[in-house]
Amino acid sequence: MAESENIVAETAEKIFADLADAQTINHDKKGAWKAPLWQALTEAGLPLSWVPDDLGGSGASLAEGFSVLNVAGRHAIAVPLAETMLAGWLLTQGKIASPEGEMTIVPASPKDRVTLNADGSLTGRARGVPFAKDAKHFAVLASGKDGISIALVDAAKCRIESGIGLGGDHNDTVTLDKVQPVTTKPAPKGFDQTTLMLMGGVVRSLQIAGALEAMLDISVRYSNERVAFEKKISKFQAVQHNLARLAGENAAALAAATSAADTIVNAKSLDNDAVFLEAAAAKIRCSEAAENGSGIAHQVHGAIGFTIEHILHRYSLRALAWRDDFGSESHWAVELGKLVADRGADELWPLVASR
Amino acid sequence: MTAALRFDPIRLPEKCEQLRKEVRAFLAEEIAAGTFDPHAPNREDNDAPEFSRRVGAKGWLGMTWPKKYGGQERSFLERYVVTEEMRVANAPTRRFFVADRQSGPVLLKYAPEHIKMDILPRICRGEVCFAIGMSEPNSGSDLFAAKTRATKTDGGYLVNGTKIWTSSAHIADYMIAIFRTSAPTKENRRHGLTQFLVKMKQPGIQVNPIGQITGQFEFNEVVFTDYFVPDDHVLGEVDGAWKQATSELAYERSGPERFLETYYVLTELVRAVGKNPDTRSAEGIGRLVAQVHTMRRMSVSVAGMLQAGKEPVVEASIVKDIGTVWEQQLPHRVRDLAAFVEETATNRETLEKQLDFAIKTAPKLTIQGGTTEVLRGIIARGLGLR
Chain Z
1 MAESENIVAE
11 TAEKIFADLA
21 DAQTINHDKK
31 GAWKAPLWQA
41 LTEAGLPLSW
51 VPDDLGGSGA
61 SLAEGFSVLN
71 VAGRHAIAVP
81 LAETMLAGWL
91 LTQGKIASPE
101 GEMTIVPASP
111 KDRVTLNADG
121 SLTGRARGVP
131 FAKDAKHFAV
141 LASGKDGISI
151 ALVDAAKCRI
161 ESGIGLGGDH
171 NDTVTLDKVQ
181 PVTTKPAPKG
191 FDQTTLMLMG
201 GVVRSLQIAG
211 ALEAMLDISV
221 RYSNERVAFE
231 KKISKFQAVQ
241 HNLARLAGEN
251 AAALAAATSA
261 ADTIVNAKSL
271 DNDAVFLEAA
281 AAKIRCSEAA
291 ENGSGIAHQV
301 HGAIGFTIEH
311 ILHRYSLRAL
321 AWRDDFGSES
331 HWAVELGKLV
341 ADRGADELWP
351 LVASR
Chain C
356 MTAALRFDPI
366 RLPEKCEQLR
376 KEVRAFLAEE
386 IAAGTFDPHA
396 PNREDNDAPE
406 FSRRVGAKGW
416 LGMTWPKKYG
426 GQERSFLERY
436 VVTEEMRVAN
446 APTRRFFVAD
456 RQSGPVLLKY
466 APEHIKMDIL
476 PRICRGEVCF
486 AIGMSEPNSG
496 SDLFAAKTRA
506 TKTDGGYLVN
516 GTKIWTSSAH
526 IADYMIAIFR
536 TSAPTKENRR
546 HGLTQFLVKM
556 KQPGIQVNPI
566 GQITGQFEFN
576 EVVFTDYFVP
586 DDHVLGEVDG
596 AWKQATSELA
606 YERSGPERFL
616 ETYYVLTELV
626 RAVGKNPDTR
636 SAEGIGRLVA
646 QVHTMRRMSV
656 SVAGMLQAGK
666 EPVVEASIVK
676 DIGTVWEQQL
686 PHRVRDLAAF
696 VEETATNRET
706 LEKQLDFAIK
716 TAPKLTIQGG
726 TTEVLRGIIA
736 RGLGLR
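Those sequence lines, one after another, are chains Z and C.
Numbered by this note's numbering, the letters in the first sequence go through residues 1 to 355 in order.
Numbered by this note's numbering, the letters in the second sequence go through residues 356 to 741 in order.
Next up, chain Z with everything else stripped away, as it sits in the complex (with noise of 0.2 Å):
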């Protein structure tokens, strides 16, 4: 995705580079930077992308929206405007108005459970909640003796433990303690915390195909300048096969999360094998793309990669922490083992080639 696909992920594109400039951010150490770019973000309706006018957003097209989120992974944007989109997203799924401000999702990893208590309220401890700490709102996926239930909570009600990130974003542990929300809604039939994680894991495959693209053209153009045993490093055929091994590597990563987001936009419904396969094999197979991606890049780059001053790390620290959120690529790995297992080994290339 090199060139923007449509007129949403220009606008972001645009937005970016005049706003949120790598080497300016990366100098910026009081973050002046963030503000104005949200105004703009907010402005031109992405944050509310998936949410459709009627409840409070600039409905665009799940492919577009998709489409930004690759352009974001690009720039490794650190203000949570894949997780507004997200908890925009899972608001919508419930037929819930999505409000103004940040938001982020609860919760963002398989292994955490909130649960709706009989008085309407909501208790449950969700790990690794990417940017709570700047969240205005939560979007809240819950369980109770009705089944599955979505939910709009004011993040001020909850306990908030902050926490920073291998990315350098916050990452934290949200509480909800008998927390009554602003609205809950039966979630659709069919969704439960398994569609969301899935949801979230294409989300960052795209981020972290996109981080990968900016990777290997950073250390491209750095092993056209840098000289060494007087040439360019570009011309040592070692660091050429790396770097062919890195494009290999954005490659994959770019190949298996826009297959699995064509995949959703394409999908009737959430809840089949062909959606399972797709985004649960995109945030394995990214995952490793961005372990292999980024050492290369780090290697590539040599000593100046590793300074703070550098902002190699902006791209290559983010990519390995959204390898955490909705799921690592370990337990997705699992969950796929375990439904080819199941099917049985005769069904299994039937279920690659129906892809």
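Calculated from the structure, these hints are not laboratory results.
Heads up, some of the hints might be wrong.
[What the hints assert, rightly or not] Below, computed lysine-lysine pairings styled on DSSO-like, alpha-carbon distance capped at 27 Å:
no., chain 1, residue 1, chain 2, residue 2
1, C, Lys630, Z, Lys111
2, Z, Lys185, Z, Lys136
3, C, Lys556, C, Lys471
4, Z, Lys111, Z, Lys145
5, Z, Lys136, Z, Lys34
6, Z, Lys338, C, Lys370
7, C, Lys598, Z, Lys235
8, C, Lys471, C, Lys507
9, C, Lys541, Z, Lys231
10, C, Lys541, Z, Lys235
11, C, Lys598, Z, Lys338
12, C, Lys502, C, Lys422
13, C, Lys370, Z, Lys268
14, C, Lys464, C, Lys556
15, C, Lys665, C, Lys464
16, C, Lys376, Z, Lys268
Given chain Z's structure and the hints, the job is docking chain C onto it.
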């Protein structure tokens, strides 16, 4: 951005699924009739000439070619389905695969009309086997170091020299080979090679089989001694073979055969593990399935872009690079996981035999048809590094 990789999420069109059903039904019949054993990919004795003709009779050879040459004018995506189903079933495709994938398209592009009319319909009927004469004892990846000489004579050329590692030369009816017709120039070391159609089983050609570490005799040394090639067997421009290796190479690099060569061990592992895998087996299988799915999505994407007339040269090279490395590592990863398979698994012996063969096969996968090193060089050029 320096890199603009594209992997559009292309899906096989609906009509491919009907075709897939037909191919699966055909293969099931062949298996039932004992033509081949899908669990035994190593049947070196099985050239299956009759199977080749039956595949041809189905219209599945040269299926993208013009009808007047025996083709079906179907899409590359339809051919993709036939290829992947044959590969996964371990069908004996050796006799026709090279002609269908590679030699036929070269003839279509460069052979004179009367030769096209003679040979292409026979490829489509599954009657002829092709080999590719590229490597020589002192030139492999460095194609342009080839020394086998074709010297102009009355009405044609006399060929002297040796080709080596030539797969299927012992059963082939034809070879498409490059020979030296002139010396390279100072400005262009690639100049001076010409592509020829060579009729095998003629005086002046000696084929010597070479044993492989798998125990098979799949490749050969082919010695030419004053072998005569008529003028009309020149394919393309004399001295200009280097100009002719363009986009068709992308088809050759990115097909299903570039990541499914050892796939059978994964299927057999899933069978051995059974319905309730432990966490380790489940995770191992899950990762491998995610990887093969991703490879296939990349490969289909390149096929779709080629069908649409694009030339994704770098993308195709990436597919072959990471696909062949993956299929090379696969038997070792399956072996890791198989260490904990229950002794009582009914297919244990089959899995062990397959692993033995796949591990022996593995080293060639990143060498044949363009080494990993050559591919990474092509990718690096695409990235602007060379």
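Structure-based check of all given hints:
Distance check on the hinted pair: lysine 630 of chain C and lysine 111 of chain Z sit about 24 Å apart at the alpha-carbon level, within 27 Å; holds. As the CA atoms of lysine 185 of chain Z and lysine 136 of chain Z are separated by approximately 20 Å, the hinted pair is consistent with the 27 Å bound. Only pairs whose Cα atoms come within 27 Å are accepted, and lysine 556 of chain C paired with lysine 471 of chain C is accepted, the gap being roughly 20 Å. A hinted pair counts as satisfied when its Cα atoms are at most 27 Å apart, and lysine 111 of chain Z with lysine 145 of chain Z qualifies at roughly 19 Å.
The suggested pairing of lysine 136 of chain Z with lysine 34 of chain Z holds, with an alpha-carbon distance near 15 Å, which does not exceed 27 Å. Straight-line distance between C-alpha atoms of lysine 338 of chain Z and lysine 370 of chain C comes to about 31 Å, which puts the hinted pair past the 27 Å bound. For the given pair, lysine 598 of chain C sits about 25 Å from lysine 235 of chain Z by alpha-carbon distance, which is consistent with the 27 Å threshold. Straight-line distance between C-alpha atoms of lysine 471 of chain C and lysine 507 of chain C comes to about 23 Å, which keeps the hinted pair within the 27 Å bound.
Of the pairs offered as hints, the one joining lysine 541 of chain C and lysine 231 of chain Z holds, with about 25 Å between alpha carbons and a cut-off of 27 Å not exceeded. The hinted pair formed by lysine 541 of chain C and lysine 235 of chain Z meets the criterion: a straight-line CA distance of about 23 Å does not exceed 27 Å. Distance hint between lysine 598 of chain C and lysine 338 of chain Z is unfulfilled; the C-alpha atoms sit about 50 Å from each other, more than 27 Å. For the suggested pair lysine 502 of chain C and lysine 422 of chain C, the alpha carbons sit about 38 Å apart, so the restraint of at most 27 Å is broken.
Restraint check for lysine 370 of chain C and lysine 268 of chain Z: satisfied, since their Cα atoms lie roughly 21 Å apart, inside the 27 Å limit. With a C-alpha separation of about 25 Å, the suggested pairing of lysine 464 of chain C with lysine 556 of chain C holds against the 27 Å cut-off. Restraint check for lysine 665 of chain C and lysine 464 of chain C: the C-alpha separation of about 18 Å stays at or below 27 Å, so the hint holds. The hinted pair formed by lysine 376 of chain C and lysine 268 of chain Z meets the criterion: a straight-line CA distance of about 24 Å does not exceed 27 Å.
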